[in-house]
Amino acid sequence: MIAELGLAALWLAAALAALQLVCGALAARTEGEGSEVALITRPAAVLQGALAAFSFAMLIWVFAITDLSVKLVATNSHAMKPMVFKIAGAWGNHEGSMLLWVTVMALAGGLIGFAERRLPERTMQATLAAQGFVALGFYAFLLLSSNPFERLPIPALEGMGLNPLLQDLGLAFNPHTLYFGYVGLWVAFSFAVGALITRQVTPDFARAMRPWVLGAWVFLTLGITAGSYWAYYELGWGGWWFWDPVENASLMPWLAATALLHSAGVLAARDALRAWTIMLGVVAFSMSMVGTFLVRSGILTSVHAFAVDPERGSFILILLAIYIGGALLLFALRAGTVAEGERFAPASREGALVFNNVMLSAILAIVLLGTLYPLLTEAFDVRVSVGPPYFNPVGAIFVVPMLLVMAVGPLLRWRHDSLSRIGREIALLAALVLASLMLISIVGEVALLPLLGLALAGVVAVGSVLPLRGRTLRRVPLVTWGMVIAHLGIAVALFGMASDSAFTRERLAALAPGQAAEVGPWRVVLNDVAPVAGANWTALQADLQASYQGGKSISLRPETRTFWAPSQATTESALATRWNGQLYAVIGEEADQGRWQIRLWWKPFVTMIWFGGMLIAFGGVLALIGRLSTDLKRRTVTRRAAARRAETRALLPEPAE
Amino acid sequence: MRASLALIAALLATPLAGQDSMPPAPYAYRQLEDPAQEAKARELMETLRCLKCQSQSIADSDAPMAGDMRSQVRIRIAAGEEPDQIRRWLRERYGDYVSYKPEVSAATWPLFAIPLLLMLVAAAILWRRIGTRR
Amino acid sequence: MNRWRLWVPLLLFLGFVGLAGVMLAKPKSEFVESRMVGQELPYFALRPAAPDRPGLASADYKEGQPRLLNIFASWCLPCAAEAEQLRRLAEQGAVIDGIAIRDKPADVAAFLARYGNPYRAIGADDLSEVQLALGSSGVPETFVIDGRGRITYQHIGDIRAEHVPILLEKLEEAGA
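Chains as they are written, first to last, in this note's numbering: chain A, 71 to 727; chain B, 2 to 135; chain C, 30 to 205.
FYI, nobody ran anything at the bench for these hints, they're computed from the structure. Some hints here could point you the wrong way.
[Claimed, not checked] List time: in silico DSSO-like cross-link candidates among lysine-lysine, alpha-carbon distance up to 30 Å:
hint, chain 1, residue 1, chain 2, residue 2
1, B, K41, C, K57
2, B, K102, C, K133
3, B, K53, B, K41
4, B, K102, C, K55
5, A, K141, C, K91
6, B, K102, B, K41
7, C, K57, B, K102
8, C, K133, C, K91
9, B, K102, B, K53
10, B, K41, C, K91
[Claimed, not checked] Under 8 Å between C-beta atoms, here's a sample of chain C residues computed to sit facing chain A:
hint, residue
11, L39
12, V61
13, A135
14, Y182
[To be verified] Reference listing, derived: stretches of chain A covered by chain B, where coverage requires no fewer than 3 residues with Cβ under 8 Å from a Cβ of chain B:
hint, segment
15, 198 to 212
16, 551 to 562
17, 571 to 579
18, 598 to 609
19, 656 to 668
20, 689 to 696
All values derive from a computational prediction rather than experimental measurement. The beta carbon of each residue, even a glycine, is placed where N, CA and C say it ideally should be.
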């Protein structure tokens with residue numbers, strides 16, 4: 071019953087999406103206002119959001135009560151699981167996660183239909199029509215090929231259980247972040263398409279789109295950061311990024327979203343970069359969809375080959391072709407007629423942001439190339455491997471200039487500035503770069519890329535706080551603080567990455583109980599290896615005592631775990647975190663003569679990578695709050711002014727005949 | 002990252018059937034005595050692909066074959082071979098697939114040509130947009 | 030922007046869609062093929078893996094008779110499945126040598142007792158050295174070696190009934 075309600079709600083929501091599409095399209099055609107169909111579009115969007123949310127709630131309900139007559143519950147859940155993981159199981163699978171995505175999309179669309187009033191109504195109708203069009207494809211995908219509410223003819227006796235690896239709170243809730251990000255980019259996409267259709271590429275369009283892009287970008291940043299940290303402590307080798315296709319699939323939208331963010335900012339502030347913003351608005355969502363396709367279709371070789379199903383892959387590819395192809399076609403036909411924006415000098419904030427856009431786009435292109443290239447060669451039956459030795463140096467070609475410009479960009483004025491005005495700051499930063507390069511290369515043997523990373527991290531950090539110089543800190547707008555902290559976060563993360571590359575120490579030892587090994591400034595003693603048991607696993611746990619430079623001992627307990635349903639083995643690493651780095655310990659197999667393989671890494675400042683990521687997201691949040699509060703203030707002011715005008719008019723006597 | 006979270010399963014969780022019971026190769030988990038040689042070996046291992054895994058280097062994998070390859074690498078480096086020789090030896094057997102190190106060849110030249118092209122295009126865009134204005 | 034440049038993104042995208050479509054339709058090949066096919070066998074000399082069969086060396090292949098070289102292991106499930114086909118191949122006159130990868134002698138003996146022993150000789154490759162030298166990337170794999178010690182054909186994966194005639198044919202070609 072519940073499942074049927076959920077399914078019915080989903081069908082209704084799909085019907086409303088179709089309605090939204092039709093009414094919005096019709097309304098956008100008519101030149102003047104006052105077309106009756108226009109009145110339907112917004113309520114349709116709101117109702118669609120409510121229905122999709124209801125459908126998702128129904129799915130959660132059937133998982134919470136472990137309704138084993140629903141196929142999805144039977145294959146993904148188990149009566150004995152803790153409630154929080156039962157609920158998390160609702161989205162821990164292909165169908166459920168698609169429903170989650172669709173729900174978030176519908177809610178976002180409903181919010182826009184309800185609240186967005188800045189844009190000309192025709193453009194809004196076109197935007198909502200575009201949203202309905204895309205949503206319809208996803209509904210079709212869900213209802214026709216991935217029905218989450220499908221029933222089993224005979225209810226299962228017991229569920230197949232959730233993969234024990236997923237019974238981890240971080241993983242249970244992480245998927246949201248990336249989906250929210252993709253949905254935000256979908257909103258930006260629909261704004262871009264609406265603006266293209268009605269040829270209204272204005273600062274207002276950028277202002278309407280910007281909070282969505284910011285929000286999406288914050289979520290993507292959090293998702294990537296969290297995923298990287300999860301991979302780091304779960305994989306047992308201390309790596310945190312592998313340029314794996316699935317990782318790249320989440321990075322590419324982030325790169326596009328970063329460029330879009332800055333471009334929309336320029337458009338909103340200075341009415342420049344119109345075509346760039348439109349293009350990026352389309353590209354950012356395209357990257358989300360391309361990424362989703364690559365991950366779910368199984369055509370790429372990856373550790374993370376998702377439930378491989380070429381049929382699903384084909385469906386997504388068709389949706390992709392229609393939406394992205396359609397948008398790019400629209401771009402090719404219409405972008406030429408978008409009027410030129412305001413002009414600006416090369417040395418100006420706009421100039422620096424154009425440089426930033428071009429560099430980010432180039433990096434995006436390289437990541438895309440490296441990810442798709444093995445696919446291309448495989449079509450000709452040749453197999454190649456593209457990995458970190460390619461992405462790191464080739465990406466660096468564009469990252470290095472981008473970071474240098476990023477350090478000075480915020481200091482430039484809008485429209486027209488001269489480099490000599492900020493000559494002192496440039497000199498300071500240049501001196502800093504050179505000094506860092508020389509100092510680090512003298513002090514330690516560091517390879518070129520980590521060396522550049524360390525030097526640039528310092529420069530970007532200083533450059534990010536320079537805009538605050540000479541200002542009353544309390545009166546600096548929240549948006550500026552957001553920029554400062556986000557840029558600082560980049561510097562911090564870069565420092566962590568470079569430090570990890572340059573200064574990590576590794577020690578593989580075969581220790582008998584009582585023996586010790588040294589790695590960097592640590593001395594680690596193996597006390598014992600003993601079996602332990604958990605809810606659905608048994609493990610061999612090592613009892614290690616680690617002391618930093620002869621100080622107090624810390625206890626570390628890495629494990630090798632064996633789950634029994636399904637039968638799998640994993641390594642659980644143990645971490646000791648200090649302000650200046652992490653000790654990473656893993657226990658391997660028993661070597662001969664009662665000795666155990668212990669793998670140890672000392673990773674100086676590695677936590678800065680994820681701390682930096684959090685800073686970046688925090689900066690984005692501050693900027694978002696700043697923008698939203700400015701918008702709200704502006705609306706209140708406009709509303710009050712309009713009210714006052716109405717009152718004044720009411721007081722005046724009627725005009726004489 | 003949803004997928005990656007769900008499916009690091011494929012990597013971390015090695016199914017227990019289909020594994021041999023022999024101990025790992027001698028240098029699979031043992032570092033070389035000479036730190037300089039170990040560093041050379043490590044650098045090489047990070048750029049060689051594990052053939053039995055989905056998408057990892059032999060330095061990041063617990064698969065027995067990866068361990069055997071690591072052992073081979075370390076033994077050969079200790080015996081005085083250069084990393085490039087070892088890489089060539091492996092490529093003779095497995096083709097470009099086994100090596101992550103970008104090398105220009107008939108199969109990989111676009112990987113180098115396209116970034117160059119991008120640099121030119123980027124320069125052209127910047128010149129047009131910024132250079133000739135005002 | 031110039032008019033024609035606006036079409037570039039669409040064209041690139043259509044290229045991607047085409048590529049994706051082609052790759053979706055293609056059956057996925059998980060195998061890494063050996064580059065050693067056509068080359069001479071690398072030098073190796075392995076100790077016996079089973080008590081009742083001699084060990085294996087590359088010198089054995091210079092004797093003028095083309096043979097099959099089967100890479101297997103007792104812990105490999107598909108190897109058990111293909112044992113039947115190996116027996117049929119041996120019945121039809123093929124000479125089969127085996128290399129056991131990372132296997133304890135007791136386990137090999139148990140495997141052979143259970144699934145039959147079609148091998149003329151079995152070498153023990155404890156560290157996968159010969160496997161790497163041959164360009165083999167997993168078990169089971171079967172190579173056809175001609176009378177002068179050259180590798181002429183590689184079959185990756187377990188041998189099914191339909192592969193038996195193919196292998197026999199390749200053996201004949203190698204003998205010619």
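Tested hints:
1. Pair hint K41 of chain B plus K57 of chain C does not hold up; C-alpha atoms about 35 Å apart against a cutoff of 30 Å.
2. Taking the CA atoms of K102 of chain B and K133 of chain C, the gap is about 36 Å. The hint is violated against a cut of 30 Å.
3. Of the supplied pair hints, the one linking K53 of chain B and K41 of chain B holds, its CA atoms being roughly 23 Å apart against a limit of 30 Å.
4. The straight-line distance between the Cα atoms of K102 of chain B and K55 of chain C is roughly 27 Å, inside the 30 Å bound, and the hint therefore holds.
5. Distance check on the hinted pair: K141 of chain A and K91 of chain C sit about 60 Å apart at the alpha-carbon level, beyond 30 Å; violated.
6. For the hint pairing K102 of chain B with K41 of chain B, the CA-to-CA distance comes to about 14 Å; that is within 30 Å, so the pair holds.
7. For a cut-off of 30 Å, the pair hint linking K57 of chain C to K102 of chain B stands: about 24 Å separates their Cα positions.
8. Only pairs whose Cα atoms come within 30 Å are accepted, and K133 of chain C paired with K91 of chain C is accepted, the gap being roughly 29 Å.
9. Simply put, K102 of chain B and K53 of chain B have alpha-carbon atoms about 18 Å apart, close enough for the 30 Å limit, and the pair holds.
10. With a C-alpha separation of about 38 Å, the suggested pair K41 of chain B and K91 of chain C falls outside the 30 Å cut-off, and the hint is violated.
11. For L39 of chain C, the suggested interface contact is upheld, since its CB lies about 4 Å from the closest CB of chain A, less than 8 Å.
12. Satisfaction of the interface hint for V61 of chain C is found here, the shortest Cβ-Cβ separation to chain A being roughly 7 Å, below the 8 Å cut-off.
13. A cut of 8 Å between beta carbons decides the hint on A135 of chain C: the least distance to chain A is about 18 Å, and the hint is violated.
14. Taken as an interface hint, Y182 of chain C does not check out: its beta carbon lies about 17 Å from the nearest beta carbon of chain A, beyond 8 Å.
15. Coverage of the segment 198 to 212 of chain A by chain B is violated in this model, with 0 residues showing a Cβ closer than 8 Å to a Cβ of that chain against a need of three.
16. For the segment 551 to 562 of chain A, the stated coverage by chain B is violated: 0 residues have a C-beta nearer than 8 Å to a C-beta of that chain, whereas at least 3 were required.
17. Counting residues of the segment 571 to 579 of chain A whose C-beta sits closer than 8 Å to any C-beta of chain B gives 3, which meets the bar of three, so the coverage hint holds.
18. Beta-carbon proximity to chain B at under 8 Å applies to 0 residues in the segment 598 to 609 of chain A; the threshold of 3 is not reached and the given coverage is violated.
19. Coverage of a stretch by a chain is defined here by at least three residues with a beta carbon nearer than 8 Å to that chain's beta carbons; for the segment 656 to 668 of chain A and chain B the count is 5, and the condition holds.
20. With 0 residues having a beta carbon nearer than 8 Å to a beta carbon of chain B, the segment 689 to 696 of chain A misses the requirement of three or more and the stated coverage is violated.
Consistency with the previously given hints fails for numbers 1, 2, 5, 10, 13, 14, 15, 16, 18 and 20, ordered from lowest to highest.
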